[in-house]
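Generate coordinates for the entire structure from the input sequences, incorporating the hints supplied.
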Amino acid sequence: MALRFSSFVPAVLIGILAASAAQDRSIVVASTTSTQDSGLFGYLLPIFKARTGIEVKVIAQGTGQALDTGRRGDADVVLVHARAQEEKFLAEGFGVKRLDVMYNDFVLVGPRSDPAGIKDKDIETALRMIAAKAAPFVSRGDRSGTHAAELELWKRAGIDISASKGSWYREIGQGMGAALNTASAMNGYVLSDRGTWISFSNRGDLAILVEGDKQLFNQYGVMLVNPARFASVKQELGQAFVDWLVSSEGQAAIAGYRIDGQQLFFPDAKRKGS
Amino acid sequence: MSEQLSAWQLILSGDPALFAIVRLSLAVSLSAVALATLIGMPLGALLGLTGFPGRPVLVVLLNALMGLPPVVVGLAVYLLLSRSGPLGSFGILFTPLAMVIAQTILIVPIIAAPTRQTVEDLWVEYRDELTAMDVGPVGRMTTLLWDARFSLLTAVLAGFGRAAAEVGAVMIVGGNIDGFTRTMTTAVALETSKGNLPLALGLGLILVAIVLAINAAAWGTRAWSERQAG
Amino acid sequence: MRAPASDLPLVLDEVSLRAGSTAILDRLSLTIAPGAPTLIVGPNGAGKTSLLRLCMGLEPPSSGRVSWGGRTDRAMTRRAILFQRPVMLRRTAAANVAYALAQAGTPRQLRAARVETLLEQVGLSELAQRPARRLSGGEQQRLALARALARDPEILLLDEPTANLDPAATRGVEEIVLSAAGSGIKIVMASHDLGQVRRLAGEVIFLVRGALCEQGPAQAFLDSPATAEAAAFLRGDLVI
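Chains as they are written, first to last, in my numbering: chain E, 4 to 277; chain P, 3 to 232; chain C, 245 to 484.
Just so you know, the hints here were simulated from the structure itself, not pulled from any lab data.
This one's a predicted model, so the numbers in the text were calculated from it and none came from an experiment.
A virtual CB, placed ideally from N, CA and C, is assigned to each residue, including glycine.
Hints are not guaranteed to be accurate.
As the list claims (entries may be wrong) - A partial selection of chain P residues facing chain E, derived with a Cβ cut-off under 10 angstroms: (1) 52; (2) 80; (3) 84; (4) 178; (5) 181; (6) 199; (7) 224.
And the structure:
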C-alpha cells in the first residue's frame with residue numbers, strides 16, 4: 004500500500020508540472036474584475052485562441068492590483084480602465100505603449116424606492132443629494148478603475164469624500180460583484196460598470212437610476228508589460244494579443260458580445276500610442 | 003460555465019467545465035495532503051521522540067501553526083514565486099503547482115502536530131519493548147508511525163479537509179484562471195461575486211458532498227483494515 | 245551470524261539503583277552463571293523487576309558495575325527480555341515475530357521459515373494470521389516469548405510472565421521456558437509463585453528491600469532456607 008501511495012504523488016505532480024509546461028503557448032493577462040464578471044473574456048478568448056492558438060490566462064483583480072501584478076513582472080499584458088494609473092505605469096517604465104481598446108459606461112444603481120430622490124439627475128447632482136441625505140452608498144474601496152472613477156466623480160461634485168464620509172459610506176475593498184451584492188443586501192447606492200450590472204443576477208430591489216451622463220464614460224486601455232524590465236515577459240505572444248484586440252477582427256468581436264441583446268463594450272481603438 | 007444553469011443541471015449534463023474544476027480541486031488538495039504527509043509525519047515523529055533544549059518551544063510553535071491563515075500562506079508563497087521574488091525564475095506562479103505548494107505548507111502543521119502527540123504518547127507504551135528489541139532511531143519512528151496508523155488517519159483527513167475547503171491561498175497563488183487554476187472554492191467565490199448565488203450554493207454543496215464521500219471512504223478503509231490487523 | 249561473545253557470567257558488582265532518594269537496589273553483588281534456570285523471588289517492591297531491567301541493560305545502575313562476560317558495554321544482542329505485560333505490535337502474530345527477527349538481524353530469506361519454527365515452538369501456529377492484539381493473555385505471552393526467542397538469546401529474562409494467567413496458560417508458558425532451558429538458554433525469571441519456583445528453578449535469588457538476602461540451589465532454599473526472612477517468606481508471612 005505504501006508503494007502505491009508513494010508512486011501516486013510523483014505521478015500527479017508530474018502531471019501537474021507537465022500541464023504547467025504545456026501551457027508554453029500562453030500568456031498571462033492581468034485585467035479587472037469588471038471585464039471578467041461581465042463575461043467578456045469568456046466570449047473573446049476562445050475566438051482569439053481559435054485564431055492564433057494562444058492560450059490567454061486571465062488574472063482578474065482591481066485595476067490597481069492588476070497594474071501591480073504587471074509591475075512585479077507576473078503578467079505579460081495588462082488590460083485595465085483607469086487612465087491616470089495607466090499613464091503612471093507607463094511613465095515608470097513598466098509598460099511599452101498604451102492603446103485604447105474599448106469603452107463602456109458606469110451607471111449609478113440604487114433601490115427602486117430611491118430615498119435620495121436622484122433618479123434621472125446628472126451624476127454630480129445625484130452624488131451631492133446622496134451625501135446630503137446620508138443614504139447608504141457602497142464603495143469598492145480597492146484602487147480599481149471603478150473606484151478611481153467614483154472618487155473622481157465625488158471630487159467633481161465638489162465633495163471631499165474622505166472628509167465627509169460617515170457611516171453611510173461603506174468601503175468594502177472588494178470587486179464589483181461583491182459591491183453589488185452588498186448594495187443589494189443593504190438597499191444602498193453603488194456605482195457600477197454597465198457590463199457587470201447587466202450580467203449580475205442578484206439584483207434584489209436595485210435598478211439603474213442615473214445613466215448616460217458624459218462623465219460616466221469608462222475607457223479601457225491595454226499595455227504590453229515592458230520586456231526590457233522583465234526578461235520573462237512573452238513579448239511575441241503578448242504583442243499578438245494586443246494587436247488582435249485593436250485589430251478590426253478583435254474590435255468586431257468586442258462589439259459582438261451581448262447579454263440579453265445588449266452590447267456591453269464599445270470598441271474604440273484609435274491606434275494612438277502614448 | 004453557463005451562468006443560468008443550476009448546479010444540478012451541470013452535473014447531470016456532465017458539463018466539462020464543472021468536471022474539470024472538480025478534478026483540479028481534488029488533484030491539488032490530494033497532492034498537497036500526500037506531500038504534507040510525507041513531510042509532516044516524519045517531522046512529527048522525530049519531534050515526538052527526541053529531546054533537545056528548546057523542544058517545548060518547537061512543540062508550541064507547531065501546534066500554533068495549525069491555525070495558519072490560508073490567505074497569509076497564499077500571500078507569502080505569492081511573494082516567493084512572483085517574477086520579482088526569489089523563486090520567480092521557475093515561473094510557477096499562477097499554476098496548479100503553486101497551489102499545491104501553498105496548500106502543502108498550510109497543512110504540514112495540521113498533520114505534524116497530532117502526529118507528534120500520538121507518537122509521543124505511544125512511545126511511553128512501546129519504549130521498553132522497542133529498546134529491548136534493539137530498535138534504532140529510524141526503526142522507532144517507522145514502527146510507531148505504522149502502529150499508530152489508524153489514529154494518524156484522522157490527522158490526514160483533517161489536513162485534507164482544510165486543503166479542500168480553503169480559498170484564500172489558492173486564489174492568490176493560482177489566480178482563479180478559467181480552465182486552468184479554478185477550483186471548486188474559487189469558483190464558489192467567483193459565482194458569488196457575480197451574483198449567481200444559487201449556482202454558488204450548488205457548487206458549494208457538491209464540494210461538501212465530495213469531501214464527505216472521501217471521508218466516508220477513508221473511514222470504511224480504516225474499519226476494514228482494523229479488522230485485519232487489530 | 246556474527247561470532248557471539250558470551251554474555252555469561254552476568255556479574256553485578258555493588259550495584260545500586262536509586263530513584264530520587266529511594267534506593268530500589270542497594271549495593272547488590274551477585275553472579276549469574278550458565279546452567280539451570282535462576283528464579284528471582286521476593287516480596288513485592290523487593291526490586292525484582294529493576295534487577296531484571298539492569299541485567300538486560302535497559303538502564304545503567306546509579307552506582308556499581310554490571311558486566312556481561314566481562315564486558316560492560318550494554319549491547320544487548322545476545323539477551324532478550326519478556327515483560328510482565330508485553331506490548332503487541334499492531335499486526336499479525338506472524339508479523340510480530342518477523343519484526344523481532346528483522347530487528348535481530350536475521351536475513352530476509354530466512355525469516356519466513358524461522359517465523360514458522362518459532363510459532364510452532366510456542367504453540368501458536370494456528371494463530372499466525374490472527375491480529376496479535378486480539379490474542380488472549382496467555383497467547384500474547386507466548387507470542388512475546390516467540391519474539392524473545394527470535395533474538396536467539398543466550399540469556400532469556402522473564403518478569404513474572406505468568407502472574408496474570410490461568411493455570412492452563414501458565415503451564416503452556418512454563419513448558420516453553422523449560423524447553424528453552426533444555427536447549428541451552430540461560431533462564432533468569434522473576435516469580436511470585438513458589439510452586440513455579442519448585443517446578444522450574446535450579447537456583448534461587450531471594451531479594452528483600454533491594455538487597456540480596458540469599459542465593460543458592462533451589463532445593464536448599466525451599467527446604468532449608470538460611471535466613472529468617474527467607475523462612476518467613478516461605479511460610480507465607482509478610483516480609484517487611
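Hints the structure violates: just list their numbers, smallest first. 1 and 7
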